[in-house]
Structures are given as C-alpha cells and as structure tokens.
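Now for the letters of each chain:
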Amino acid sequence: MTPDIKPEIKPERLLTITGLEIEGRQDGKWKKVVKGVDLHLNRGEVLGLIGESGAGKSTIGLAAMGYAREGCRLSAGNINYLGKELRQAPESELEQIRGYKIAYVAQSAAASFNPSHKLITQFAETPLAHKMMTMEQAKAKAEDLYTKLFLPDPAGIGFRYPHQVSGGQLQRAMVAMAMACDPDIIIFDEPTTALDVTTQIEVLTAIKEVVRKFNCAAIYITHDLAVVAQLSHRIMVLRHGLCVEEGQAAQILDAPKEKYTADLLAVRRQVKDVAPPKQEEPLLRVENITAGYKNGPAVLHNVSFEVFRGRTVAVVGESGSGKTSVARVITGFLPQTEGMVYFDGIEMSPLLKHRDKDRLRKWQMIFQMPDVAVNPRHKVKDIIGRPIRFYYNPGKKEIDRRVSELLEMIELNDKYLDRYPSELSGGEKQRVCIARALAAQPELIICDEVTSALDQLVAEEILKLLQRLQQDLNMGYLFITHDLATVRAIADDVVVMYQGRVVEHGPRDDVFTPPHHDYTELLLSSVPEMDPNWLDRVLETRQKKTA
Amino acid sequence: MNFLFPVIVKRTGFALLTLFAISILIFAGLEALPGDTAQAILGQGATQENLEALRKELKLDLPLHTRYATWLGDLARGELGNSLSNGRPVTGMIGWRFENTLVLAFSAAVVSIPLAIVLGLICALYQNSWLDKLLSTSTLSAISLPEFFVAYLLIVVFVVQFELFPSVAILRPDMALSERINVLVLPCLTLTLVVLAHMMRMTRAAIIGVLSSPYIEMARLKGVKRAKIIFYHALPNALAPIINVVVMDLAWLVVGVVVVEVVFVYPGLGQLLVDSVSKRDIPVVQASGLIFACTYIFLNLTADVLSILSNPKLRHPK
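As they're listed, the protein sequences go chains A and B. Residue 1060, in my numbering, is where the first sequence stops; the numbers in between run on with no holes. Residue 485, in my numbering, is where the second sequence stops; the numbers in between run on with no holes.
Take the hints with a grain of salt, since some may be wrong.
In silico DSS-like links for lysine-lysine, alpha-carbon gap of 25 Å or less [to be verified]:
no.	chain 1	residue 1	chain 2	residue 2
1	A	K631	B	K392
2	B	K480	A	K652
3	A	K614	B	K395
4	A	K652	B	K395
5	A	K614	A	K654
6	A	K597	B	K223
7	A	K894	A	K909
8	B	K177	A	K807
9	A	K652	B	K392
10	A	K875	A	K894
Calculated directly from the structure, the hints in this document are not laboratory data.
All chains should be built: construct the whole structure from the sequences, respecting the hints.
As structure tokens, then:
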C-alpha cells in the first residue's frame, strides 16, 4: 500500500481510529477539540503527529489508549485495537491494555515518574501486575533495556530515585518502562521537547533503536518537524482538531500540499542578515565575571562579552551552562564575586538595591513563560501602564496615550486595553510582556528564552516583532536561548557557554563556520535538520570520530 | 540519616528559644492580671496590713525581674515550687493529672488518626460521590458544634437513653483495664468527633491535589488500578501536609481538652488549670502553661522531622 513497505508482505494492522471526536468542557459547555480524525497504524510503523499547541495531537495520542483527560470525553468515533473497541470499553478492560499492550511515554519524565518510588519499582509495576514476570526477571529485563538505551550503570541506575537521575536519562528510563511488557504500540508524547539538543539526540537514537529492534509500532507526537522527520514513516499534520495533511514522511517534507505545512517547514529556515560591527563604546560590557550561588561552587568563570546598541547578542548553551546566571548577574540578582559589569562605560554595583532607578529603567527583561510573567488579575492597560507610572509618572491621560501607542507598536490595538491575561493567547501575552518592557524606554532588553514556550509560527512572529522594534528604537538585545534556529533568526553575535565558561564568541557567521570549538561543534551538529537521514548521518560521523 | 542531625539540633535550639519567650509571656501575663494570690487567699475583707504580710511571706513584694529570675532558676532545676493555695509541691499535683490527660489524648489519637486518614482516602477515591458528600457533611457538622454540646449530646444518647457508659469519667487506681476503657469511651468519642473532620478533609484535599500530577496520569496510563493509585502513588506524596495537620490536632488533644475534661469531670491537667486560675494559684498555672507549651513545641518539632523524612529528595540526597 505504500512505497516504503514491501507490497508482498501485508502489514499487520494494529490500530484503526475512525471519525474520532473529542470534546472538552469549557465554561460549563462541551466543545469539540478534535473534530473527526481518522488514522491507522501497522506493526513496525512510526506515525508522526505534528501541529501547534491546541491542535489536539496529545489528546488523540491519549485517545489511542482509550483515555481522555479530566474535563474531556471521547464523544464519537471508533478506536479499534486488534478488533477491540476502546472508546466505550469499561475501565477494567482498559487497565488490561494500558501499559501492557499500548504504552505511553510522556513529555516530562521528571514530572511523570513518581518521586516517592525507585525507578525499578516503577518499571516493574505493570509486568508484575500482569504476572508476566517475577521481580527478579523484571530487574533483569530492566537492566537489559537500560543497556540498549545507553544508560550509564544499567545494573544500578534502577535503584535510584527519579530526582537522582538527570533529565535525559530519566526520559530514556521512561522509554524503558514503556518497553517493559513488550507492547504492540508506544505513544511518544513530545518525549524530547524538554531536553537540550545534545541530550535530545541521545533519546532520539534510543527511540529509533527500540522501534526497529522490537518491531512494535509507535505514534510520535511533536511540534518539531525536524524531529519527526528522523523517526516517522508517515506524518500527519493537525490543526484545530482536524487533519490538515497526511502522507509519507518524504512527501510531507519535500512536497507539502497544504500551505500550513509549508509554513511550518519555512520557520526553521529564517536567517537574519548580520549587521556590520560597530566601533562605538559598547552598551553593556561584562568583564571577567565569576559568580556562584550561596554555599555552592562558582557557576560562572571569567565570563566576558559585549553588547552594542542596535545589535543582538545570543547567549547559547544547554541547561546548566550558566546562561541564565549571566542574566542574573547583569540584573543584580546574583552579585558576582569577581569581575565587573559596565553600562555605557559606567561601573554597575553588583547589588540590585544599590542601583538607582534610572539605571534599572534602562534594562528591561522579557521572560520565558508569559503565562506566569503577568499578573492574572491585572488588565492589559494596567500591566503596560505600571512601568510608565513607576518610572515617569506623567499623569493618567499621558499614561493612557502611551499605552495605546505601545499596543500599536506590538501590533495589537485598543481593543485589548481592558482584557485580562486569561483572554489572550500565548503569543499575545508575550507581546504584552514586550510592551511592558518597552514602556520603560529601555536601552537594553534581556530576553530569557522568550520563544521557547510558544508555537513555532507564533515564535517566528515574535522574533520578527523584536527585530523590527530593535531597528526602530536602536536597542541592544541580550538573547538567552538554547535553540540554534532562534540564534540564526535573530543574532548578530553569539556567545557559546559550556559549564559556566564562554567557549567561543564572536560574530554569528564566524562562530557558525568551522573550525569550531569541540562543544560548539557538538551543539551545532545536534540540531535536527529536516533531512530524514540526518540522525543516521550524525551518528555515523560521530562514531568515525571516536573510532 | 546523618543529614537529619543538624536539622534536629537547629530546630531544638529554636524550640528552646521559643520556650524561653513563652516563659516570659506566661510570667508577664499572669502579672498583668488584676489582683494577686494574697488578695485571692484572704478574700475581699482582708486588711491592707494582712495583705502586706502575706505578700512578704510569699515573696510577692520583690521586683518583677528578680522573681522571674528566681522562678526560671528553679525551673531549670526541675523545681516547680509549691502551690500557693494549699502549699503542696506543684510537681505532685500536676504529675498524675498530666498522665491522665495524656492517656485520654492518646486514646483519642489512636482512634481518630487512622480513621481520619482512611476516611480521607475513601473520600478521595470516590470523589464527589454520595459517600464523599455524606462523610464531608457529617464530619463538618460535628466540627461546627461546640465540643461541650457534642459531649452533652453523647451523654443524652449513650447515658440517658441507652445507659451504656457512665457520664462521669473518674479514674481510680484499682480499676481494671476494661473498666478504664468503659469510662474513657465517651470523652474519647467526643474528642474524635471534634478532630476527625480536620484530618480527614486535609487528607482528602492533599490526595486530590496530588491526583492532578503527571505521575498519577502516568500510573493510569500504565493500567494501575484506582485504589492502588491512591494508596501507592498518591499517599506517599501527600504525607507532608497530612502529618502537619495530624500533629496540630494531636497538640490540640493534649492542650485543648479543658472543656471536655470539665464536662466529664475527668481529672486531667485542663481541669486543674481551670481550678488554679480561679484560685489565682500562680505556680500551678505557670507550670501547666509551660507543660502545654512544651507539648506544642515538641509535637511541631516532630512534625518538621517527619515531613523531612517523608520527602525522598531529602531522604536520599543526590
């Protein structure tokens, strides 16, 4: 039936979903979130489900197990697993299938492992409940799977508690847990989204191995096309609870039929033209900063870089590399033990409380999570108006005028004045946060992972907005991110951090062209590309290098 | 477990500091009351001369800080002084009564804590069912009634109507265990009804709070049965808030039973305290106050330690 799978062997059909509708409860009414989706899955096949948040991809993934989250219900359609209808099956019947025949790998392993029990007890829970194995056999199986998934110390790691294991390792331990009963189907729900690129590649490799070796089928849910390209045979693009397009992976990637798919593909290819270097005095100069948290070792060692007016410096690195700590030193939350921060050539006091109001005004911050960065009980006009009153206090009329002006700058309008944050989308909330930063008329804006909580298309809009604002207002940006596609799209200069040190720094194109520092190389080569052979290629080159 | 030691030392230090502050408060509080022991002993008709003489005898004429220092010094040596009203040593008066109070509190705790937790778990398991609503409503009604009213209600039913238990709970040394239990049933039941709702609702709320965690969803997606999810996956993670409420209620069982003791004429510390306040027997009031404070502080210390122990991140550091 498909060119990839040999036509003479009729593939075993595991799962067929037809006309699936799922409703969610909103303000006391049931509203459709998935509006009639068909999908099927054969043994040995990986189906990629892709779409932005709210597209219904996780909901569909869970529905494949006959599960609907609190406040949702599977209202219509059929979910047929090997001849069994799961949609209206009683809980007792579903318990026999869940975890045993159809297993689930969640987005955040750190949150999805029970903090009170050891990994091995959680691994063994389902096989023991189904009397498939004894505890001893389960331990042996776990060790075997941990080895196959390249976990360090496979014999001992199971006896640790979740908090004693790193995020990437936990994610692999969760894949192992899903494999415990040799299920027919595994649902992967964004299993690498919360990971660094360098860790993501390990988990992707592990998943690919597992599906190949155990001949099971998988549904892989993600918002990242490049990731899904590495694993899937078929891809289904979802939007607003409907299927936009479905087809073979290569067809979707090379020749998408729908504009929406094409837009998704285009996002990662956005590149900023690097502005020519400027000769003037830097706006911000960080010189030989060493800093650490109370009673802990230093998290930053001799960090130095500069930010110029009208230019963007991106600080990149994986989690724990110290990039957020740099921002905390600059803003005065984490006083440095050595080194100095200069603003416009003037020394800044390390302590926030010793800095005067006007200096504070000149640096503003935009945060990662717009949801928690705004007060849910304040209206948009209060959120944006507050810094104006705090720094300038020009009187009510003038504040209103400024707020309207700012709303226009962030491409919103006066209709938003009286709305509460809960009435805004994620992208709109982030725009309001940008307006709040602009309200102080800053010279430097520190952006801490401002797009990582947003969908790709929305993130792209935000990046464009930030760029336009930079050109109009000649501000300097310090952009903290772990996403190299974002760096390409916005940065003029790049600072690469690793374990609290700057390992490479300079204009973006210099840093991105070889020869690289070893870590930069690792980071750059770990960013997934659309090419479906990318993962195999990278692993091959890495093996050659170590050989 | 060695990480626990500095924590306990630190908390004990704070506990002693709190106790010191409380001793000042108790002393100052009693000083601030109108009238003094001499006045109370001699009554309204006492002449100024007699009062002066008695005050001198009881050393009430010395300045405040001197008396406080003496009292604190005696206290440190375990010397609680003599009762002002009958001259007997305070230790002797308090000792057996405190024991009685502890017996009552302990038996109420043995009944109410497991009951509350199990009922809380059942409520969480069958959330919003008729059983959950029934349990919530009935325990809440019990807590909304004043405890003396609950006590009289029980007396009406179990003493007057059915004649099952005695209405007066007097313990004598020659009583057999079965007799003692028989005597304790009603006060114990009253206390249980008063503290049950607290602990049960906290257990329910803590469990329900944990039930929305991703690891509970994961357990469901692993096909784990609902009862096992509640007991095995949710309860261990909900222990800290439950422990805190349980211990607060334990403290109340020791300290707050005055009214119940009075209703059942139970010879506990609470009754002694009430009597001594009316007699202005300051050494007894001070000693009782301090014992209650110690109980509170000790139980809170226990709660802190248990909460730490219930957290795997602290029990098994990286």
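Hints, one by one, checked against the model:
As the CA atoms of K631 of chain A and K392 of chain B are separated by approximately 19 Å, the hinted pair is consistent with the 25 Å bound. For a cut-off of 25 Å, the pair hint linking K480 of chain B to K652 of chain A stands: about 23 Å separates their Cα positions. For the hint pairing K614 of chain A with K395 of chain B, the CA-to-CA distance comes to about 20 Å; that is within 25 Å, so the pair holds. The suggested pairing of K652 of chain A with K395 of chain B holds, with an alpha-carbon distance near 21 Å, which does not exceed 25 Å.
Under the criterion of a C-alpha separation no larger than 25 Å, the hint pairing K614 of chain A with K654 of chain A is consistent with the structure, at around 17 Å. A threshold of 25 Å between alpha carbons decides the hint, and for K597 of chain A with K223 of chain B the separation of about 94 Å lies outside it, so the pair is violated. For the hint pairing K894 of chain A with K909 of chain A, the CA-to-CA distance comes to about 11 Å; that is within 25 Å, so the pair holds. Restraint check for K177 of chain B and K807 of chain A: the C-alpha separation of about 19 Å stays at or below 25 Å, so the hint holds.
For the given pair, K652 of chain A sits about 22 Å from K392 of chain B by alpha-carbon distance, which is consistent with the 25 Å threshold. Our distance criterion of 25 Å between C-alpha atoms is met by K875 of chain A and K894 of chain A, whose separation comes to about 21 Å.
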